[in-house]
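**Student:** Read top to bottom, the protein sequences are chains X and V.
In terms of the numbering used here, the first sequence opens at residue 186 and continues consecutively.
In terms of the numbering used here, the second sequence opens at residue 186 and continues consecutively.
Check each hint, because a few of them may be wrong.
Which copy is meant is left open, because identical chains are indistinguishable; a pair holds if it fits in one copy or across any two.
[As the list claims (entries may be wrong)] Calculated pairs, EDC-like style, for lysine to aspartate or glutamate (alpha carbon to alpha carbon, straight line, at most 20 Å):
| no. | residue 1 | residue 2 |
| --- | --- | --- |
| 1 | K422 | E436 |
| 2 | K272 | E329 |
| 3 | K412 | E261 |
| 4 | K312 | E387 |
| 5 | K374 | E419 |
| 6 | K334 | D324 |
| 7 | K334 | D249 |
It should be emphasised that the hints constitute simulated quantities derived from the structure, not laboratory data.
Quantities reported herein were computed from a predicted structural model and do not represent experimental measurements.
Number of protein chains: 2
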Amino acid sequence: MDTIQKIVIIGSGHVGTHMGLAFRLAGLDVVQVYSRTAAHAQALAGKLECGYTDRMDALNPDADMYLIALTDDAIEDMVALFPYKKKLLVHTSGTTPLDALSNGSSRYGVFYPLQTFSKDVSLDYQKVPFCLEVSRDDDRAALEHLARKLSNTVQWTNSAQRRMLHVAAVFACNFVNHMYAVAADILKKQELSFDLLRPLIEETARKALENTPEAIQTGPARRNNLKVTKKHLEMLKENPDYHKMYNFISESIRKKYGFIH
Amino acid sequence: MDTIQKIVIIGSGHVGTHMGLAFRLAGLDVVQVYSRTAAHAQALAGKLECGYTDRMDALNPDADMYLIALTDDAIEDMVALFPYKKKLLVHTSGTTPLDALSNGSSRYGVFYPLQTFSKDVSLDYQKVPFCLEVSRDDDRAALEHLARKLSNTVQWTNSAQRRMLHVAAVFACNFVNHMYAVAADILKKQELSFDLLRPLIEETARKALENTPEAIQTGPARRNNLKVTKKHLEMLKENPDYHKMYNFISESIRKKYGFIH
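Taking the hints into account, I'd like the entire structure generated from these sequences.
**Tutor:** Now the structure itself:
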């Protein structure tokens, strides 16, 4: 296959929306959007100025690639309904293995954007790493070429790497955000603004990326300061959830730096 | 008291070093550095072009403020040795209460910089929030005036607020960094670069600060996607520590969003 120009997007959620916008910005043709719910398909098709359908058997047959941007659970059902057995079919999931697409077509792959997508937040797609995998060697060049039109960072990963990458992303994004949320909640109860933490949050991210997180760890657990750790645990005892997290994360830090085994 | 111009710094670690540099940048006079270890005092005094001592009874008697930048455990010992009972004595600790200084002087306060300090990382001090507390109302204006010379963000907090602020900072900085470290470790084992997570880490911090962390939470736990959560836990079972953290943080997220009670 030479190049991928015409694309059908299957799914109209956050990922489908962002991928559609990214493709258009890169000069590619999104020719159709599919959603089980016609109104959703229509809404996204309006944004992308393309056709839409709510029937898998009415998918545009002339596209170069069909991109499934659905939740992991929904992928399998859609794959079974995919009508074009010789068309390149890809999914965008961190967790679903490549082979989950093997029933859909003889040519299949993965196009996994490593980013957190919100529906109404615009993004610089050039900075989003795309993790690729493909079933047939002769689709490899075209898929990489496509990804490089969208982004400066393209990485080939196998399914085992990609699912671990997804776990790492859960820690570095979802869990990090939950730590922010706990902090915000604690401050709110003290009638203090979350904005007070802004420079600390920015500096922590900046330092970890400029050095390594391992090298720049600070705080009571890192110094094995049990007096402060104990005091903090006592202050958190009214919230068993926060107490538990404080305890386990502190223990994990103390283990990492050799204070407990 | 009118203004604070001459300052003695007690302690030569990360915080003492950064405070000394910040004072100098703001046009204040750091007149002396104390450290228990003469060589440490001398090294910092060299950077700040001021005097130094390793004896508390040789502290310069002419300063307007004496700033204790020591670990929480060391503060108490130093306070007992502080010789000038009518001089303004402040500490920089998030956790130590204001009253811990009452044996040192009749005028005391807190000058807590809410930031993570590394010895060789330069900082924009204007962005560091300073949390203030003071024992006597007539020192209030001078302390605030001093803080505003250093920073754009000055916040009066009582000891209860400040120690909760410190706990919040542990979550938003130390624990966040440990999440980064876990992610980096997972990627290293897959021979993938931590740099792949850079856009995700930056975007997560940016979004949380532009909105609220609560509003922008994403991920399998937020969606109550137990299939993925379970798969991830299985993938982490060789590392009991990571497994435990993944489990408890996911549970905490699911509780927060009403999926479990």
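**Student:** Enumerate the violated hints, using their earlier numbering and listing them in ascending order.
**Tutor:** none
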